[in-house]
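In case you want the letters, here they are:
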Amino acid sequence: MAGQKQQDNMEGDHEKRFLKAFEDYNDALFRHASMRVSDRERAVDIVHDTYTKVWAYVRQGYQIDSFRPFLYKVLNNLIIDEYRKKREASLDAILDQEGMDEGSFSELSESTVESLAATIDGRKAFDLLQELPDEYKEVIVLRFVDELKPKEISLLIEESENVVSVRIHRGLKMLRSRIEREEKSIEEQRNLRKDKKK
Amino acid sequence: MKRFSEQLKKKANGLSLKASERRDLRARVVSYMEYHPLPKTEQGVGLNNKENTAIKTEEFTLVRFDFATWARFTSAFAVLFVILLPVIAENAVPGDALYRVKVGFNEEVRSTLSFSPYQKVEWETARLERRIAEARLLASEGKLTPEVEAVVAYAVREHSQAAKKGIQTISESDSEEGTIAKLAFTSVLDVQSEVLEKGEASTSDQVGRSVSAIATAVGEERASAAAEASIEPLSHEKLLARIELETTNAYEYLNSLGDAATEAEQADILRRLNDINEKVSVATAGIEDEAVDHIALLINALTDTRKLISFLTNIDVRENVTVDQLVPVTLTADERASLVRADINEVGRITTTVNGRLINLSGDVLTKVVSGLDQVGTLVNKATSSLEAEEYSAAEKVIGEALNLAVDLDYISAADLGGTTQETTSDSEVDNETPLEEETTKKSSTTEALEVDDPSGVETASSTDDSSTVD
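Sequences listed follow chains A and B, in order.
Residue 1 is where the first sequence starts when you use my numbering, and the numbers rise one by one after that.
Residue 1 is where the second sequence starts when you use my numbering, and the numbers rise one by one after that.
Everything labelled a hint here was simulated from the structure, so no lab data went into it.
Beta carbons are placed, not taken as given, at the ideal position from N, Cα and C, and that holds for glycine.
Be aware that one or more of the hints could be misleading.
To be verified - In silico DSS-like pairs for lysine-lysine, Cα to Cα no more than 25 angstroms straight-line:
| id | chain 1 | residue 1 | chain 2 | residue 2 |
| --- | --- | --- | --- | --- |
| 1 | A | 173 | A | 194 |
| 2 | A | 149 | A | 73 |
| 3 | A | 53 | B | 238 |
| 4 | A | 20 | A | 86 |
| 5 | A | 173 | B | 120 |
| 6 | A | 16 | B | 10 |
| 7 | A | 20 | B | 40 |
| 8 | B | 238 | B | 165 |
| 9 | A | 173 | A | 149 |
| 10 | B | 120 | B | 165 |
| 11 | B | 18 | A | 151 |
| 12 | A | 184 | B | 11 |
| 13 | A | 20 | B | 9 |
| 14 | B | 10 | A | 73 |
| 15 | A | 73 | B | 18 |
| 16 | B | 18 | B | 40 |
| 17 | A | 151 | B | 2 |
| 18 | B | 2 | A | 149 |
| 19 | A | 194 | A | 184 |
To be verified - Example chain A residues on the side facing chain B (calculated, C-beta under 7 angstroms, incomplete):
| id | residue |
| --- | --- |
| 20 | 52 |
| 21 | 125 |
| 22 | 144 |
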């Protein structure tokens with residue numbers, strides 16, 4: 001009887017825990033979704049769908065020890081579905097274009113990524129993030145905005161840590177490349193104006 | 001990387017849900033949770049717990065409408081009022097709360113299900129019988145008040161008028177069918193009148209048990225129906241068809257009685273059904289014979305069948321009258337002859353006794369008795385002749401006269417001598433005897449005569465001789 005009562009109490013916490021998870025992570029989830037899909041309303045809908053899917057999961061009787069990674073997992077899948085609708089270029093296609101495969105980046109490490117990130121202005125990177133392919137955007141947001149570790153990201157997107165590191169590196173490289181291109185463009189325009197004044 | 005991360009994060013923090021957006025999002029999620037609650041094993045303290053105040057939806061109030069419970073209540077309500085209540089109301093009598101349901105709903109619904117005019121007439125007739133049965137039930141319990149009796153009498157008239165109206169409708173399309181329907185209806189009134197008269201005879205002075213008003217109503221309707229009797233000629237085909245239908249129903253009702261009727265009762269009813277079949281056979285055989293009123297025979301067969309059906313289907317009738325009172329047995333020729341012979345033997349026995357007293361009589365009485373005995377002898381001879389000629393009606397009539405005269409002579413002679421008659425002691429023994437038993441009885445009654453008149457036995461031989469001469 002005591003065991004049954006205890007079980008009843010535990011079962012009764014499901015709703016409380018779920019609602020707490022809503023209160024704790026709704027903003028972060030919205031931010032992530034918004035940065036990924038670039039559409040505010042769509043981002044809200046995706047967050048709503050994330051929570052309803054997780055609730056359906058709880059109704060089926062599954063026990064969720066930690067809501068945060070599970071919420072991110074579901075959110076990420078929904079965003080991927082969203083992109084599939086838009087038919088974004090796949091990672092394989094990009095690899096094919098650049099003539100590389102992920103196996104050649106086995107030597108990539110966190111230090112390499114750190115070194116590259118140190119050379120990029122985060123404020124400018126934020127503005128240009130939308131121009132990146134979703135696979136890169138995904139891992140960069142998860143890493144630098146949501147502050148997930150590479151291992152957590154690998155579990156979330158169901159890829160190896162190696163792939164995660166490659167994507168982060170490439171994403172940062174692309175960001176830097178675009179930032180430099182933009183700065184160069186601005187510089188050229190400034191020089192043109194100077195020449196005209198003369 | 002820390003600098004990049006901080007800068008990126010700082011910019012990203014500008015992306016945030018507005019308060020209204022968060023509120024709307026929360027409402028949507030909570031609504032989803034409420035429409036998709038956890039299974040009961042999972043609930044415990046949760047959304048359906050009224051003490052839980054964690055969820056507050058300021059935007060709207062959710063009202064739970066339990067369709068399952070509402071559907072269960074509605075179906076239970078429907079079963080109660082549409083099925084159970086009418087069934088329970090069938091046993092109601094005037095004065096009961098459900099009597100209105102019985103009369104106003106159950107019977108009216110059955111009325112609408114009567115599609116043919118004949119069915120309507122049958123149903124109105126059945127309703128009339130139901131009213132009378134209800135009244136008799138109340139009367140048996142001493143609860144039939146004058147007010148209720150008046151209501152029942154009124155209902156009897158109403159249903160009778162409705163039946164007559166139905167008969168009129170039938171007659172407009174088929175006059176023969178209308179006449180046949182009238183015959184059937186009149187038969188039912190005859191039966192009910194018989195039952196009510198018997199009941200009234202025994203309870204007319206008892207409070208709460210008198211059915212005089214109802215008996216009067218039935219009697220009036222019966223007289224009215226008889227007065228309106230059509231003189232339309234009936235065809236034997238129509239009558240035969242109807243008799244066939246009714247006798248089939250009668251056999252089915254008899255079979256359905258099962259153990260409710262004793263073997264003797266079943267035998268009685270079967271005897272009546274055989275009588276009806278016999279009448280039909282005689283009528284059918286005599287269609288070409290103008291001397292045989294085959295239509296009258298068939299009408300008689302039909303009315304007997306209807307009365308028999310009333311007896312079989314109405315417990316109230318069975319409890320108050322015998323089948324013999326409603327449908328007397330139609331004696332066969334052999335039975336009639338047997339009865340006439342029994343009467344002849346009875347007359348012989350009585351005259352033997354009277355002859356034994358002659359020696360003690362004198363004066364006018366002697367003259368009267370001797371003359372009477374001669375008359376009796378003549379009548380008996382006539383009856384015997386008629387019997388031999390198979391003229392049963394004449395034989396029954398003549399022997400009836402002879403028997404009455406013999407009884408008078410027995411009384412006169414006994415009165416003159418200051419003794420008792422023999423008739424009352426031996427009548428019941430004669431009726432059910434075979435010829436062999438009759439002989440024995442004759443001898444035993446002679447023995448009785450010896451005991452009373454002449455203990456010495458001298459005059460016994462002469463009296464015995466006299467009785468054998470009479471036979």
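Here is what the structure says about each hint:
In summary, the hint linking residue 173/A to residue 194/A is not supported, as the alpha carbons are separated by about 31 angstroms, beyond the 25 angstroms threshold. Proximity of residue 149/A to residue 73/A is assessed by CA-CA distance (about 14 angstroms); at most 25 angstroms being required, the pair is judged to hold. The hinted pair formed by residue 53/A and residue 238/B fails the criterion: a straight-line CA distance of about 81 angstroms is larger than 25 angstroms. A hinted pair counts as satisfied when its Cα atoms are at most 25 angstroms apart, and residue 20/A with residue 86/A does not qualify at roughly 33 angstroms.
Of the pairs offered as hints, the one joining residue 173/A and residue 120/B is violated, with about 100 angstroms between alpha carbons and a cut-off of 25 angstroms exceeded. At most 25 angstroms may separate the alpha-carbon atoms for a hinted pair to count; residue 16/A and residue 10/B exceed this at roughly 31 angstroms. Pair hint residue 20/A plus residue 40/B holds up; C-alpha atoms about 21 angstroms apart against a cutoff of 25 angstroms. At most 25 angstroms may separate the alpha-carbon atoms for a hinted pair to count; residue 238/B and residue 165/B meet this at roughly 21 angstroms.
Restraint check: the Cα-Cα separation between residue 173/A and residue 149/A comes to about 19 angstroms, which is no more than 25 angstroms; the hinted pair holds. In summary, the hint linking residue 120/B to residue 165/B is supported, as the alpha carbons are separated by about 10 angstroms, within the 25 angstroms threshold. With a C-alpha separation of about 32 angstroms, the suggested pairing of residue 18/B with residue 151/A is violated against the 25 angstroms cut-off. At most 25 angstroms may separate the alpha-carbon atoms for a hinted pair to count; residue 184/A and residue 11/B meet this at roughly 23 angstroms.
Annotation: proposed proximity of residue 20/A to residue 9/B holds, straight-line Cα distance about 24 angstroms (limit 25 angstroms). Between the alpha carbons of residue 10/B and residue 73/A the distance comes to roughly 24 angstroms, so the proposed pair stays at or under 25 angstroms and holds. Simply put, residue 73/A and residue 18/B have alpha-carbon atoms about 24 angstroms apart, close enough for the 25 angstroms limit, and the pair holds. Between residue 18/B and residue 40/B, the direct Cα distance comes to roughly 36 angstroms. Violation of the 25 angstroms bound is thereby established for this hinted pair.
Of the supplied pair hints, the one linking residue 151/A and residue 2/B holds, its CA atoms being roughly 19 angstroms apart against a limit of 25 angstroms. For the hint linking residue 2/B to residue 149/A, the alpha-carbon distance of about 14 angstroms falls within 25 angstroms, and the restraint holds. Note on residue 194/A and residue 184/A: the hinted pairing holds, with a Cα-Cα distance of about 15 angstroms set against a maximum of 25 angstroms. Of the supplied interface hints, the one on residue 52/A holds, with its beta-carbon coming within about 5 angstroms of a beta-carbon of chain B, less than 7 angstroms.
The closest approach between the C-beta of residue 125/A and any C-beta of chain B is roughly 6 angstroms, which is under the 7 angstroms cut-off, so the hint is satisfied. Of the supplied interface hints, the one on residue 144/A holds, with its beta-carbon coming within about 5 angstroms of a beta-carbon of chain B, less than 7 angstroms.
In the structure shown, a violation is registered for the earlier hints numbered 1, 3, 4, 5, 6, 11 and 16, in ascending order.
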